[in-house]
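Residue numbers (our numbering): 2 to 352.
The hints are simulated quantities; they were obtained by calculation from the structure and are not laboratory data. Since the model is a prediction, treat every value here as computed from it, not as a measurement. Just so you know, even glycine gets a beta-carbon here, dropped at the ideal spot from N, CA and C. Honestly, I wouldn't trust all of these hints.
[As the list claims (entries may be wrong)] Per label pair, the in silico range of CB-to-CB distance: (1) ALA251 to GLY79: 37 to 45 angstroms; (2) ASP9 to ALA251: 48 to 56 angstroms; (3) VAL99 to ILE75: 42 to 50 angstroms; (4) ARG134 to TYR224: 18 to 26 angstroms; (5) ARG291 to GLU32: 19 to 27 angstroms; (6) GLN299 to ALA119: 30 to 38 angstroms.
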Amino acid sequence: MPILVERDIDFLAAKLHGWRSRLAEDERLDELSRIRTVAELARRIAPEGSFRDAAPLQRHLIEAHVRELGGLAIAVGGPAGALLNWQRTRFQAENLKVLARGAARRMPLDSLTSRLIALPEDLPLDLAPYADRPDDETLAAWLRRFLPPGSSLRKALEQDDEAFREATEPFLAEAALDRAYLLLLLRHARAVRGEDGDGVRRLVRHEIAIFNTMLAMRGRHHYQLPPELLGAAFVPGGSLERATFDKAIACEEQAAAFRLLAAPLDPQGAAVAQPEASVLETMAWNRYLRLANALFRQSRMSIGVAVGFAAIRRIELANLITLCEGMRMGMEPFRLRQRLIPRSILEDAHV
Numbered sequence: 002m003p004i005l006v007e008r009d010i011d012f013l014a015a016k017l018h019g020w021r022s023r024l025a026e027d028e029r030l031d032e033l034s035r036i037r038t039v040a041e042l043a044r045r046i047a048p049e050g051s052f053r054d055a056a057p058l059q060r061h062l063i064e065a066h067v068r069e070l071g072g073l074a075i076a077v078g079g080p081a082g083a084l085l086n087w088q089r090t091r092f093q094a095e096n097l098k099v100l101a102r103g104a105a106r107r108m109p110l111d112s113l114t115s116r117l118i119a120l121p122e123d124l125p126l127d128l129a130p131y132a133d134r135p136d137d138e139t140l141a142a143w144l145r146r147f148l149p150p151g152s153s154l155r156k157a158l159e160q161d162d163e164a165f166r167e168a169t170e171p172f173l174a175e176a177a178l179d180r181a182y183l184l185l186l187l188r189h190a191r192a193v194r195g196e197d198g199d200g201v202r203r204l205v206r207h208e209i210a211i212f213n214t215m216l217a218m219r220g221r222h223h224y225q226l227p228p229e230l231l232g233a234a235f236v237p238g239g240s241l242e243r244a245t246f247d248k249a250i251a252c253e254e255q256a257a258a259f260r261l262l263a264a265p266l267d268p269q270g271a272a273v274a275q276p277e278a279s280v281l282e283t284m285a286w287n288r289y290l291r292l293a294n295a296l297f298r299q300s301r302m303s304i305g306v307a308v309g310f311a312a313i314r315r316i317e318l319a320n321l322i323t324l325c326e327g328m329r330m331g332m333e334p335f336r337l338r339q340r341l342i343p344r345s346i347l348e349d350a351h352v
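Please take these sequences and the hints and turn them into a complete structure.
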């Protein structure tokens with residue numbers, strides 16, 4: 002999509018409604034799912050480049066999305082613009098996760114740089130600490146050193162230093178990054194006033210709930226982490242109640258935790274779906290898309306259109322990356338289509 006910096010919100014909203022009709026959704030996703038090669042997919046969704054492999058195409062799509070968020074932030078301005086601008090920081094955190102996983106596998110930095118997303122100058126990382134991690138330094142503390150002193154994400158991580166002192170594996174270090182990002186995202190959402198404020202906060206509170214839900218499900222029932230460590234990573238302010246989270250991480254059986262966590266997302270689906278993390282994640286992102294669509298439709302000609310559009314584009318980006326990966330692996334079109342959001346929870350466990 003073109004990058005808009007027009008400060009007329011009515012003009013911007015009209016443009017976004019026009020662009021919405023061209024997004025990869027519904028029938029267009031059906032059509033794209035039938036493509037068999039990454040090169041052909043690239044010709045359809047990124048004709049401005051010449052991509053034959055999945056990884057460069059994915060980086061191109063992500064980097065374009067980051068630029069678009071920046072343009073929307075300028076166009077919207079005010080607290081909602083600050084929220085959109087902060088959303089770019091999620092990709093800075095994703096780059097740090099790449100470094101954390103690489104360090105855990107003792108991979109050389111040269112083998113990781115091609116996997117990092119090229120970000121604007123105001124989202125820098127200093128890669129020098131990769132070669133210098135003292136034995137007594139926690140993974141979360143080490144990751145902070147890649148960020149500029151005084152940056153908002155670094156300061157948020159520093160505030161959680163004690164909570165993540167025992168984080169010795171990438172899962173918890175990544176949780177620390179996500180927690181820091183989400184706490185500041187919520188702060189930005191709370192600053193949005195006017196008719197769209199409630200819808201914006203509802204969307205952000207659900208994004209926090211997705212994190213807390215998967216923290217409980219994967220952290221306790223896949224990584225077998227102790228409840229006290231997971232409890233320290235919980236992000237307050239989301240739509241998942243802390244009491245429900247605590248009950249889920251106290252469950253001995255995964256199926257019992259699944260039912261607790263799934264009920265707020267999809268009460269009917271919780272009773273019939275396979276009790277697996279992938280199904281729970283499907284429920285959560287399906288609901289995220291519903292909330293984004295509601296915000297986009299109900300806002301009409303106001304800032305909620307831009308915030309809702311950015312969230313819908315986030316799901317589109319996730320779907321396009323899934324298509325890239327599926328085609329790279331030679332997945333059959335009907336199975337690939339079943340992996341895209343929104344998707345049926347009854348099919349998810351079998352895909």
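Hint check results:
Taking the beta carbon of each, ALA251 and GLY79 are about 42 angstroms apart, inside 37 to 45 angstroms as hinted. Restraint check, ASP9 to ALA251: a C-beta distance of roughly 52 angstroms satisfies the suggested window 48 to 56 angstroms. Between VAL99 and ILE75 the C-beta distance comes to about 28 angstroms, which lies outside the given range of 42 to 50 angstroms. Between ARG134 and TYR224 the CB atoms are about 22 angstroms apart, so this pair conforms to the stated range of 18 to 26 angstroms.
In this structure, ARG291 and GLU32 meet the distance hint of 19 to 27 angstroms, their C-beta atoms being roughly 23 angstroms apart. At about 35 angstroms, the beta-carbon gap between GLN299 and ALA119 stays in the expected band of 30 to 38 angstroms.
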